[in-house]
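Peer 1: So you can see what is in the structure, the chains are spelled out below.
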Amino acid sequence: MWGIFLESVVIFKNYMGYHENHFLAGIYVFVLLYLWLTEKDRRRRVLFVYAPTLLLFLFFCPLFRKVFVRLMEDSETYYRLLWLLQMSIVSAYGLIRLMGKHRRIGLAAVCLIIIASGDYVYDSPHISKAQNAYHLPQEAIDIVDLIEPEEGRITVLVPADLIYYVRQYSTDIELPYGREMLIERWDYYNAMYEAMEKAEVIDTPAFVELTRTYPCAYVILKEDREVLEPLTDYGFSVYGQVGEFVIYKDMTLQDQ
Amino acid sequence: MTVMFGFLFWLILIPFCIGLIPANFILPQKRSPGFVLLSGYFGMWALFEISAVPAVLWVEYDNFKIASAVFTVLTLLSAAAGIALLYRNGKAGKPGLIAGKTRKRSEAGKENDKSVSNVGGLKGYMAASGKWLLYHTGIEWLLFFGLLAFQLYKALAYASFDGDDAYYVVESLIAQEAGVMYRILPLTGGSTGLDVRHAMAVFPMWTAFVSVRAGMHATIVSHVVMPLVLIPLTYLLYYEIGRNVFRRENLPVFMMIMALFQIFGNVSIYTNETFFLTRTWQGKAVAGALVIPALFWVFLQIYDKGVRNGRTDAGLWILLICINMTAGVCSSISVFLVCILIAVATFCLAVAERDWKVLFKVGAACIPNVVYMAVYVYMAYSYLLK
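Just so you know, the protein sequences line up as chains A and B, in that order. Those letters in the first sequence? Residues 87 to 342, by the working numbering. Those letters in the second sequence? Residues 6 to 391, by the working numbering.
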C-alpha cells in the first residue's frame, strides 16, 4: 500500500511539473488552505473546498487507486483524476477573493506569479508554424498527392517520420504498420518495421520480399537511408522525390 | 459560402435553438445567451450519443450514414421545439428565454451611462470610453479579449503535433470518406473488431458529421475549425461560472486569470490546460476543458438556490443529464470521472446541508452514466458469457 501511495505522489509531481521547477500546484494548495480558513458560503465551500480536498485524499488513497486501475484496466490515465480538481478555476476564485478591493494591483501580481510559476504552452517543441490548412507537414501531403490512386486503396511503406500524417490526409493509403510500432512501451513486433526502421542497413533481398507480402505499391525511404543493394535492382523504380524522401514504385506489381 | 453556412448552421444556430429547451425550464434570472448556447451544445452532444453509439455497436455497414440521418432528424426536431418554446413564451408575454429578466445595472454602470448622455457626440463617447477603460473594467476586458484572440491566432496559424491524432482524426476522416464508424483500423487501414473503449466515445464522429455537412476535409475541421469553436465556447463557460460567483467588476479579472492559467498551464503534458490548447479537437480535451468545468457551473446554479427548488430548476437537471451524456461522447474514462466528481460533490453537499435526498436526485441524473457503463461492460466482456 505504501508503494502505491508513493506511485501516486510521483504521478502528482509529474503532473504538476514539480521536477521542472513549476509551482502552479503551490498556488493551488495555498488557495485551498486560504479558502479553508476564509470561505463562509456553505455551498461554495462544498465545491471549492470540501470536494477538492476529498478528491485529493482519494487520489492519494492506495485502495482507491487499486479500484480505479482495476475498473479502467489502465494505470496510465490515473492522472486524469486530477482534472476533477479544476485547479485553475479554484485558484482563480481564491486569488480574486484574496485581492479584495485591490483589483488592479492584485491582478498584476497574480499575472506575474502565474507566469513565473507556469510554463508557456506555445514554447512546446510539438507546436510549430502551420504549413497548410491541414496542419500536417507539407511533405506528407505532396507525397500522397503523387501516389494516391484514383480508385481503390494501396499499401505504402513509409518512414517513421511520416507514419502519423499520411492517413490524416488520405485514408486511401494503407500502411503495413502504424503508430503502434513507434511507442516502445506498447511492445508490438512487426517484421516489416524491424527491417525498415531497426536495421542499421536495409537488407534489400529480405526487405523486398517482405514488402511484397502486403504488397506495398510504393516504398518511401529517406535519401540518406543506407541499403545493402539499391531497390532498383529488385524491380523498383524511382518514382519521384519530395524533399528528403525518395519514392520507389514496385514495378512488379504493375506487371501483375 | 456553403461551407460557412454549414458551420454557422450546425455550430451556432442548431445548438442555440436546442439550448432554448432547458432555458425554458429554469428561472428567468438564470437565463442568458451563454446559458442557451452552452446548454444547446451539451444537448446536441447528448443527442449525438443517442444516435451514434447504438449505430456503432449494432450496425455493421454504413453505420455513420445511419447515425448521421438519425442525428439530423433528432437535432432538427429539437431545434424546432426550442423555436416553438421561444415563440410561445414571447406570445404569452413571459420573460424572454434568451436573456430572461433584464438584470439591474450596477451603480457604476449607471454613472457611466449618465456621462455618455450628458456630454453627447463623439467627444462624449470618447470621454465615456476613456472613463470605462481607466476607472471601470475596460482595460481588463480588453486584455482578456487580447489573450483570447492570441490563443485563436495560435490555433489557426500554428500546428500542434499529437500522436493520438493518428487515431482520432483518422477515425473522423474514415467516417467522412467511407461512411463507417470504428470498423476500419485507423492506424493502418486494415479491418478490425470493435474496440469498445474507443468506439463508445463518439466525439470524432461528431467532428466527421460537421465535416460532411459543411463539406470540408475532416482533418482541417479537427485542426482548425474545432479550436476556433471550442476555445471561445470554453471561455463562454468560464464567463458563466464567473457570473455565478463574482460581482460584475471581478468578472474580467477572473477571465484574464483563467486565460493566463491556460496559456501558462503547460507545466506537464498531462494537465487539462495543456490538453485544452494543444489537442483542443480531441474528446478527452473537451472532457477536461468543458465537461468537468460544466459540472461546476451546473452545481453552482443548483446549489445557488438550493436543490429543493424542484420543478423550477428542471432545466438544470436536464442540463446535468446532458453533460453526463456528453462525458460519454468525449471518452469512456470521462464517464467514470464525472461520476466521481458528482458523487464527491453531492456527498459533501448532503453532509453540509444535512439533506440526504439530494443524493437520490443527483443519482437519478447519473442514470445515463450507469447505462453507458453497463453497455460498456456488456460489450467488452460479453464474450465471457458465450
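Hints may be right or wrong, so weigh each one.
[Unchecked claim] Below are the EDC-like pairs computed for lysine to aspartate or glutamate, each with C-alpha atoms no more than 16 Å apart in a straight line:
id	chain 1	residue 1	chain 2	residue 2
1	A	Lys187	B	Glu254
2	B	Lys159	A	Glu295
3	A	Lys215	A	Glu225
4	A	Lys215	A	Asp231
5	A	Lys335	A	Glu309
6	A	Lys308	A	Asp209
7	A	Lys284	A	Asp258
8	A	Lys126	B	Asp167
9	A	Lys215	B	Asp167
10	A	Lys335	A	Glu295
11	A	Lys152	A	Glu225
12	A	Lys284	A	Glu234
[What the hints assert, rightly or not] Computed Cβ-Cβ distance ranges for the label pairs, DEER-style:
id	chain 1	residue 1	chain 2	residue 2	range
13	A	Leu268	B	Thr197	38 to 48 Å
14	B	Pro100	A	Asp127	23 to 33 Å
15	A	Leu149	B	Val376	20 to 30 Å
16	B	Ala379	A	Asp228	44 to 54 Å
17	B	Thr197	A	Ala195	14 to 24 Å
18	B	Tyr66	A	Tyr300	18 to 28 Å
19	A	Pro211	B	Gly220	30 to 40 Å
20	A	Thr338	B	Thr7	22 to 32 Å
21	A	His188	B	Ala154	19 to 29 Å
22	A	Glu283	B	Ile144	53 to 63 Å
23	B	Ile144	A	Val155	41 to 51 Å
24	B	Gly126	A	Ala219	38 to 48 Å
25	A	His105	B	Pro100	49 to 59 Å
Calculated directly from the structure, the hints in this document are not laboratory data. Think of the CB as a built atom: it goes at the ideal place given N, C-alpha and C, for glycine as much as any other residue.
Peer 1: Evaluate each hint against the coordinates.
Peer 2: A quick look at each hint next to the structure:
Proximity of A:Lys187 to B:Glu254 is assessed by CA-CA distance (about 10 Å); at most 16 Å being required, the pair is judged to hold. The suggested pairing of B:Lys159 with A:Glu295 is violated, with an alpha-carbon distance near 46 Å, which exceeds 16 Å. Taken as a hint, the A:Lys215 and A:Glu225 pair is honoured in the structure, with Cα atoms around 14 Å apart against an allowance of 16 Å. Between A:Lys215 and A:Asp231, the direct Cα distance comes to roughly 22 Å. Violation of the 16 Å bound is thereby established for this hinted pair.
At roughly 15 Å between alpha-carbon atoms, A:Lys335 and A:Glu309 fall within 16 Å of each other, so this suggested pair holds. For the proposed pair A:Lys308 and A:Asp209, the alpha carbon gap of about 28 Å is over 16 Å, so the pair is violated. For the suggested pair A:Lys284 and A:Asp258, the alpha carbons sit about 27 Å apart, so the restraint of at most 16 Å is broken. Among the hinted pairs, A:Lys126 with B:Asp167 is inconsistent with the structure: their alpha-carbon atoms are about 43 Å apart, more than 16 Å.
Taken as a hint, the A:Lys215 and B:Asp167 pair is honoured in the structure, with Cα atoms around 15 Å apart against an allowance of 16 Å. With a CA separation close to 14 Å, the supplied pair A:Lys335 and A:Glu295 stays within the 16 Å bound. The straight-line distance between the Cα atoms of A:Lys152 and A:Glu225 is roughly 46 Å, outside the 16 Å bound, and the hint therefore fails. Using a Cα cut-off of 16 Å, the hinted pair A:Lys284 and A:Glu234 is violated, with the two alpha carbons roughly 27 Å apart.
For A:Leu268 and B:Thr197, the hinted distance range of 38 to 48 Å is not satisfied, since their beta carbons lie about 19 Å from each other. Between B:Pro100 and A:Asp127 the C-beta distance comes to about 27 Å, which sits within the given range of 23 to 33 Å. Under the hint 20 to 30 Å, the C-beta atoms of A:Leu149 and B:Val376, about 27 Å apart, fit the expected range. Between B:Ala379 and A:Asp228 the beta carbon distance is about 48 Å. The supplied range of 44 to 54 Å therefore holds.
Separated by about 54 Å at the C-beta atoms, B:Thr197 and A:Ala195 break the suggested range of 14 to 24 Å. In this structure the hint that B:Tyr66 and A:Tyr300 lie 18 to 28 Å apart at CB holds, the actual value being about 25 Å. Checked against the hint of 30 to 40 Å, the pair A:Pro211 and B:Gly220 passes, with Cβ atoms roughly 34 Å apart. Between A:Thr338 and B:Thr7 the CB atoms are about 45 Å apart, so this pair departs from the stated range of 22 to 32 Å.
Taking 19 to 29 Å as the suggested C-beta distance range, the pair A:His188 and B:Ala154 conforms, at roughly 27 Å. Distance hint check for A:Glu283 and B:Ile144: the Cβ-Cβ separation is about 54 Å, which falls inside the suggested range of 53 to 63 Å. Between B:Ile144 and A:Val155, the C-beta spacing of about 48 Å keeps the proposed range 41 to 51 Å intact. At roughly 45 Å, the beta-carbon separation of B:Gly126 and A:Ala219 lies within the given 38 to 48 Å, and the hint holds.
In this structure the supplied range 49 to 59 Å holds for A:His105 paired with B:Pro100, their Cβ-Cβ distance being about 54 Å.
When the structure is compared with the earlier hints, violations turn up for hints 2, 4, 6, 7, 8, 11, 12, 13, 17 and 20 and for no others.
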